[in-house]
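Visitor: Listed below, chain by chain, are the residues.
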Amino acid sequence: MQRWSEEVARDPRSLAFLPLARAYRKQGLRDASLHLCLRGLEAHPAHVEGHGLLAMLYLDDGDHERAADEWSMVLRVDTNNFEALRGMGFCYLEQDRLSKARQMLERAALLRPSDPTVQEALRVLGTRQEIVEKGLSSSADPAFGDDPWAVPTGEPVFMFDAGTEAENAGQQASSPAPEAMPPAAAPVSRPPPAVPITGPLPLDPTLLFDDLLNAGPLLAALLVDVNGMVLAGRLTEGVRGDPAVLGAVLGGAIGEATRTAHHLVLGVWRGILLDSEHAMLHLAPAGSDAVMVLAARRDAPAGWVLRASTHAVGQARQFMEEYA
Amino acid sequence: MNELFIAAVERLSRVAGVRGALLVEGETGVTVISDLREGVNETAVAALAASLFRRTAAASETADFGRLNTLQLEADDGHVVAVDAGELILVVVAEHDAQLGLVRYEAHRAAESLS
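Chains as they are written, first to last, in our numbering: chain A, 1 to 324; chain B, 1 to 115.
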């Protein structure tokens, strides 16, 4: 740093401004980094990495507009710049320009397929587009049975702000304008409603959630008690492992989730969403001493998983009431 | 390295709706850096968050679902987002109405810079 610092002091046009500004940013010296970066860009207005760093500095401050300006400059010079594509994708997502966001993020994903932030943003995007499409096509829940991914629920329990995507749809949704950035996975902010289940419960508890397991992208649905014992449900055929072991590991999550929420004064816990390499899991309390565990394929929309979880919790409660 | 941790946690704490963040050793649950509001038992939070992360990560591996990247605990009055940062776990506490997409994005970026 000393060498770069001396170099910049000796020659204000030196390209050493970039590593020095990066080092300042890493140390949390945001103002010094910004000052140096702006001065460097005055001398080198087409410096791609300088604009990229400036974008990151603006993003650190939450100034997405300025960050987007800088990234768009980067892309004018270097059309395959990963950081800029990712950053622009995120900014478009924030502005609810979903198709543009997808364009950018998919290009970024081609360059770095395993980048978790791009995958996360694409998942948020997918969920939002799904909600927008649903909002435009019909206000009613899809009927369970016709749509293999539909989940039968009494009422939706997760609230997405249905955004507008005029550039895609050519029309406006009836819902109000969205917030700047949607939740990645919409919060379940109140207890799941009781879900009326038609017909008798299956005699074999392993088949309790088969309507869900057979309908969508689910890999597992297990009802586990606080001691880690599996009460109902099963893993699908493609899933390796023993449900009893999975239950034993996850049973203790109930107490830990309760205590974590308590220590942070967050009230009652409503769910845990887990993103793994190959699956998305959701844990939801089913009464005070059991947890509903759902696992879905990695490409399943988070909103779908949450709805499926709500439905499964309803079934689990009915099961526990009847067989208590 | 310490400055890097502090900068990452401070950056996260500036995101709208974020109440605080802490960096925890994955194995031991010991706090490395914390920026939680006063009155919160950070030792307990760090230990519990790490334990919850380890437990769910173990479950994920047991079922062959692969490495756990992110854990998001939803509660009535807020959220906890925990992100894998190599040997560390980055834990972010957010308000109920926080923009979770942004929180998760920033948490991943911060974790990326740390691991």
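Note that these hints are calculated values from the structure, not bench results.
All residues carry an ideal CB built from backbone N, CA and C; glycine is no exception.
Careful, some of the hints might be misleading.
To be verified - According to the in silico footprint, chain A covers these stretches of chain B (three or more CB under 8 Å from chain A):
1) 11-18
2) 21-35
3) 38-50
4) 60-70
Said to hold, decoys possible - If you want a taste of the chain A side facing chain B, the calculated C-beta under 7 Å gives, among others:
5) L207
6) V226
7) A244
8) G255
Visitor: Each hint needs a verdict: does it hold in this structure or not?
Guide: Results of checking the hints against the structure:
1. 11-18: Satisfied; 4 residues make the cut.
2. 21-35: n = 0 at 8 Å, threshold three: violated.
3. 38-50: holds (count 6)
4. 60-70: holds (count 10)
5. L207: violated, 20 Å
6. V226: Status violated, d = 13 Å.
7. A244: With a minimum Cβ separation of about 11 Å from chain B (threshold 7 Å), the hint on A/A244 is violated.
8. G255: violated, 9 Å
Checked against the numbered hints above, the structure breaks hints 2, 5, 6, 7 and 8 and satisfies the rest.
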